[in-house]
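Top line first, the protein sequences correspond to chains A and B. The first sequence lines up with residues 0 to 122 when you count with numbering that gives the first Met the number 0. The second sequence lines up with residues 0 to 440 when you count with numbering that gives the first Met the number 0.
In case anyone wonders, no lab produced these hints; they're calculated from the structure. Beta carbons are placed, not taken as given, at the ideal position from N, Cα and C, and that holds for glycine. Any given hint could be a false lead.
Facing chain B, a subset of chain A residues (Cβ under 7 angstroms, in silico) [stated by the list, open to error]:
1. Glu-8
2. Leu-10
3. Ala-14
Some chain B residues well away from chain A (every beta-carbon gap over 12 angstroms; in silico) [said to hold, decoys possible]:
4. Cys-245
5. Gln-252
6. Asp-256
7. Gln-319
8. Ser-353
9. Ala-382
10. Leu-406
11. Ser-424
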Amino acid sequence: MNVIIAEDEALIRKALSLKFQKEKHSVISFSSGVGVVEALNTNEFDLAILDVIMPDIGARELLLDLDKKSFFKKKSTCIILMSAYIGDWGEEQAVMQKANLFIPKPFRLNEFYSLAMKAISPS
Amino acid sequence: MQAQSVFEGLCQLKKTSSLHGLLQKYHRLVFSASSRIHLCEHGSNKTLWHRESMHFIKTPELSEKYLCAYLNKLLKSDETFLVVKERELLIHLSGLFGSPMINVLIIRHKGYFIFIENFEFDQLVKTQRRHFFTYLDFFWYRLDQILDEQSLYESQLIWKKIFLEWNDPIRVVHADGSVLVQNFQTTDKRTILKEDLKTTHLGNGEHFLEYSEKNTELDKLKSIRLIKQRWEKLGQFSKNLVHQICNPLMGIQLMLDLDEPPEKDEDFYLIHDSVLRCLEIITDFHSFVTASSTCTILNVDKLMSSVQRLVKFSKRPKDQLIWDEALFKTVQLNAPLGLVQQVLFNLISNAFESGISDVVVSVQLDEQKQNLSVVDNGPGLPAHIKSSLFQALNTGKKEGNGLGLYLSRRIMRSFGGDLTYNFDSQSRTEFKINFPEGFLK
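Work out the full structure, taking the sequences as your base and the hints as a guide.
Right, dumping it as structure tokens:
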């Protein structure tokens, strides 16, 4: 499975990358939203894990940009948003912006992994 | 007198071609020394208290420009009227103290035109302009506050509410320098001695007299506004702080998660547990300061654990927060978590800060009532606190700001619940946090 991670906090990015790699998935990661839209459009990813608040471009802007470029009509990448800013942003808004799942921070690594797997193949 | 809209009023003006004609038929409004607007019979000082004579019209229906042009055409040149823009009343009025009477006053505020006929200042206002301005400030503040309460929009209840709360006494200065203070609504009268008065000279031989009175309505409202502003800033700051701390801490926790389970390494688990505990505290604090109105489902035992962590700093080591953990695990709360946490935190920390050692939280669930009850083993509230328990700035604590219970009730009512006090209980303090149907099951 191909996974793309956009997260500005280095340790969270590294831990998520290592976890997915440990589970035999291929991972590419970004420390901000810059370049993520292009990467998603030009490559095939099964899962995108995006932080809602990042320097330069956050997940909200990324999703709007992807929608404008008809990404959701062309590809079936499962998109998971995560944020510590619960209250301002939640599942409802995430789904409205065509994300598959919203996971509030903090979370445990194994818990995150199993939620991500369920989101990819709900059955 | 029948309530009428601005348009109806203008039609009347057109028919009579003169404002005086209208005033013969209707009554006149007097803006009194205490800034209380009330209605008098024309040519008499008898107050009729017909407060419904002020009307609202939404901006789109009546443009300011149109109104100006219409009234300019309609009214004779010797009759004064003014149309003011948003919150410009003070500026306009300051130039008008020489005029004995303004026939029509139209205030534009928050999309409403407020139309007041035959607006008049009496002699006392003219000599006590500073006092008058202070009350105009209060007037705007109240108007802002009340217009913010959506349910009152479209309703003349807005005015009624202002007047009911506008009960500051009228002051009459006597020749001996003492002041008679009379409250119009309660007919309460008392005299303030000259020694207790502070004189401020305004120039031109005029002076303004004031006396200090603790906790006047105006002072209260100003204090609430200041405290609210500080809380809002503190909340915003805390929210950002929590976000900044949460991310690196979570990074450490995830890295530790990655290596779990390592070789039997005691230090690893000590670090891991500490990080998890920090994150738990930060999460509670985040939900507390965010006070989001989004509903969250969780069991009440978890809610109580989070409140326990939040009140930790308010309680002494021997103080206990008690609840039935097994029972609470079976009860689900589906409510705005941060808001409920705030209410519980206020009630419980109030009790601990008052020197009470045991606070018991219990749950009541039946068809009619779904509530959490917060009971302590203290001596009960003193009578003077009970009488105005949920009013702002009412506190029994030395350093309390008197907003805890006031805000807690407002919070509960914001989503259809309520906060009540059990007045039947003589020997202990019992508050009930009542939830709307389906919020607690």
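Against the structure, the hints come out as follows:
Below 7 angstroms, beta-carbon pairs count as interface contacts, and Glu-8 (chain A) has one with chain B at about 4 angstroms; its hint therefore holds. Checking Leu-10 (chain A) against chain B by beta carbon gives a least distance of about 2 angstroms; that is within 7 angstroms, so the hint holds. Checking Ala-14 (chain A) against chain B by beta carbon gives a least distance of about 3 angstroms; that is within 7 angstroms, so the hint holds. Its closest Cβ contact with chain A, about 4 angstroms, brings Cys-245 (chain B) to no more than 12 angstroms, contrary to its assignment away from the interface.
For Gln-252 (chain B), the shortest C-beta to C-beta distance to chain A comes to about 7 angstroms, within the 12 angstroms cut-off, and the non-interface label is violated. Residue placement check: Asp-256 (chain B) does not keep its beta carbon more than 12 angstroms from all beta carbons of chain A (closest about 4 angstroms). Distance check on Gln-319 (chain B): its Cβ is at least 29 angstroms (rounded) from any Cβ of chain A, clearing the 12 angstroms threshold; non-interface status holds. Here Ser-353 (chain B) stays apart from chain A, with its beta-carbon at least about 31 angstroms from theirs, past the 12 angstroms limit.
For Ala-382 (chain B), the condition that its CB be more than 12 angstroms from all CB atoms of chain A holds, with the nearest at approximately 40 angstroms. Annotated as non-interface, Leu-406 (chain B) keeps its C-beta farther than 12 angstroms from every C-beta of chain A; the closest such distance is 18 angstroms. The Cβ of Ser-424 (chain B) sits about 36 angstroms from the closest Cβ of chain A, beyond the 12 angstroms cut-off, so the non-interface label holds.
Of the numbered hints listed earlier, those contradicted by the structure are 4, 5, 6.
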